[in-house]
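Chains as they are written, first to last, in our numbering: chain A, 1 to 237; chain B, 1001 to 1412.
Treat the hints as calculated values from the structure; they're not laboratory data.
These numbers come from a predicted model, not from an experiment.
It is possible that part of the hints are untrue.
[Unchecked claim] Within a straight-line C-alpha distance of at most 30 Å, the following computed DSS-like cross-link-like pairs (lysine-lysine) qualify:
1. A/181 - A/74
2. A/118 - A/74
3. A/139 - B/1220
4. B/1189 - B/1239
5. A/131 - B/1048
6. B/1239 - A/139
7. B/1327 - A/33
8. A/74 - A/131
9. B/1402 - A/6
10. B/1189 - B/1048
11. B/1189 - A/131
12. A/118 - B/1239
13. A/6 - A/211
14. B/1327 - A/123
15. A/118 - B/1048
16. A/33 - A/139
17. B/1269 - B/1019
18. B/1402 - A/74
19. A/86 - B/1402
20. A/74 - A/123
21. A/86 - B/1220
22. B/1134 - B/1220
23. B/1189 - A/118
24. A/139 - B/1048
[As the list claims (entries may be wrong)] Label pairs and their computed distance ranges (CB to CB):
25. A/120 - B/1375: 39 to 45 Å
26. B/1410 - A/218: 44 to 50 Å
27. A/139 - B/1410: 52 to 58 Å
28. A/193 - B/1312: 50 to 56 Å
29. A/226 - B/1009: 31 to 37 Å
30. A/139 - B/1298: 39 to 45 Å
31. B/1298 - A/193: 19 to 25 Å
32. A/69 - B/1005: 31 to 37 Å
33. A/120 - B/1363: 24 to 30 Å
Even glycine gets a Cβ: it sits at the ideal position worked out from N, Cα and C.
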Amino acid sequence: MEPLIKIENIHKIYNPGENEVRALDGINLNIQKGEFVAIIGHSGSGKSTLMNMLGCLDVPTSGNYYLNGQDVSKLTDNQLSDIRNKEIGFIFQGFNLVSNLDAVGNVELPLIYRGLGKQRRRKVAVEALRKVGLDTRLKHRPNELSGGQQQRVAVARAIAAQPPIVLADEPTGNLDTKSTKEIMEILKGLHKGGRTVIIITHDDDIAGQVKRVVRIVDGRIEDDYLNENLNTEKEEA
Amino acid sequence: MGQFLEYVKMALDNIRSNKGRSFLTMLGIIIGITSVVTIVSIGNGLKKDVVDASNEQNNTVTIQANTDEVSDPNVITGEDIAFLRTSLDESVQSVSASSATSGSLTTRKGNFDAYVTLTTPDYEYAQYTEPLVKGNYFTDNDVANANMVCVVDELTALYLFGNTDIVGMSIELKVDSSIQNVNIIGVRKTSPEMLEAEKQYQAMGMDQSISLEMPYTVSKTFGNPIDAFPSVSITSYDKDQAARVAKTAVQILNSRHQNLGDAPFIQQKPINFADMFGSIMDGVTAFVALVAGISLIVGGIGVMNIMLVSVTERTREIGIRKALGAKTGSIIAQFLCESAIISGMGGVIGIILGAALTALITALGIGGIKAQLSFPAILIATIFSCSVGIVFGIYPARKAAKLSPIEALRRM
């Protein structure tokens, strides 16, 4: 089967020339539809750059990125915007909610750019917030919500438009243990529901809860393995 | 269209959550539009006053000999005038001609220099004259017999006798070397404006205005006969009739004086104060409005400034929106809507304030100005203020849209 994500020999080079930085140095990676993947690495390893590539926020210096069979490494900014809107749900470490919009308003954002009408948008947004257990906080603004709640709004925003891929960049980096657990449960639930979920993290505990782990060191994939006994462990816990 | 409304809503949300700043941003536009609307309204009011005033005078036309064709312009005789009076229809109030001479006269109050208008009976109702308050005007009979009678105005009566109850009295009038006794048969009202003007003349040390109106035929008695006039004035009751009457009168005079040429008479071109003053006022108003309009440019720069600050502050929001699928055009549209709405709202507030100021100036009667709101000015002000927002919003909006989402998200 054609993989959902197919990355071929991707390089990303900043400051080409003498002081060039090879953030990504020949990455090859295939991710099948429905996989649950953790991309793990220390800061400076290139994992954030990889996440920007995967999320179509940036284009590689060289190499090819096929998303659903389409080469997205040579698209224009506006075409990339469309891909991000339709194919990818983002969850960021810093939540990245718009501070003067309430929870529903934030979840509606990607739906606005998809061109959904007002009524339908609201319905979809409320439904997504219900899925993350925030249906009692619809009218709250980000500064009226706890960190865990804000991240759940961000999750609702990522899944509202039903994108095939959910891309989470250090989703639990700013959260306490309890909120971390809540968010991980939601992400696992999304995976069970058939979504392709990719988590970028530096945290081995998080990676330990994910089926497939890709370790990045110095812009190269150092390790790519499966946590074999994961399902039974988790079901017992 | 649906998308456009989204951007309007986003812009309104953002303006609402930054009320104080948005208002301060609008202030420049508000002041600019208020001054333009008020100035144009005042200019409009002044112009309308003048145009109305000069239109009122247009019921009198003057026919004169065409000096290009006739060597001596004094060709309109008393018979011509009498004939015109009988030939023209009843829409005509008066047909008169006048000449003038100066003389001196003596009463028990002393000696005076006098201005003598030598004229025809219809002069009673001629243009710019006030009605009689005492006695009667002289008649055709007085003209035919060259009777030594005169009509004076109230001001003259007061100077000559100290009161206006003077019908039946006589004065000794000397013109050139001839001295005649003249009977006063009527007194004309003196207008308040004339009294006011006279006060100022007196303050400047000018002579007292003594004026007499007499049948033109008395000129013969004084030794310097007037047979004909260079022009005749015809006043219609209705100014709409004036042009037609003038045409008829020219035809009549031409046919009575065929020996002078094909068309020896023409209508004197009235000095069109309305057009003249109107265009001067338009020019002045446009200039002052232009100066006020410069404040609109300054206001627009204020809008641009704040929008640039706003883009910097909202870099992260822009990054989020782009990450979630906003295209370059969507971001530009959002920020352009915001600047257009800010300056548009400023424009609307400015128009309301300008209208209020216009009403206030009229109500207080400052300088007797009846300021009149100009709807074209309002329309232009609205379009202009929105354009200011759009023009000065383009740079910040483009700056916002060009941000790379990664860069924008990295900034905290």
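* What are the numbers of the hints that this structure violates, sorted from low to high? -> 1, 2, 3, 5, 6, 8, 11, 12, 15, 16, 17, 20, 21, 23, 24, 26, 27, 28, 29, 31, 33
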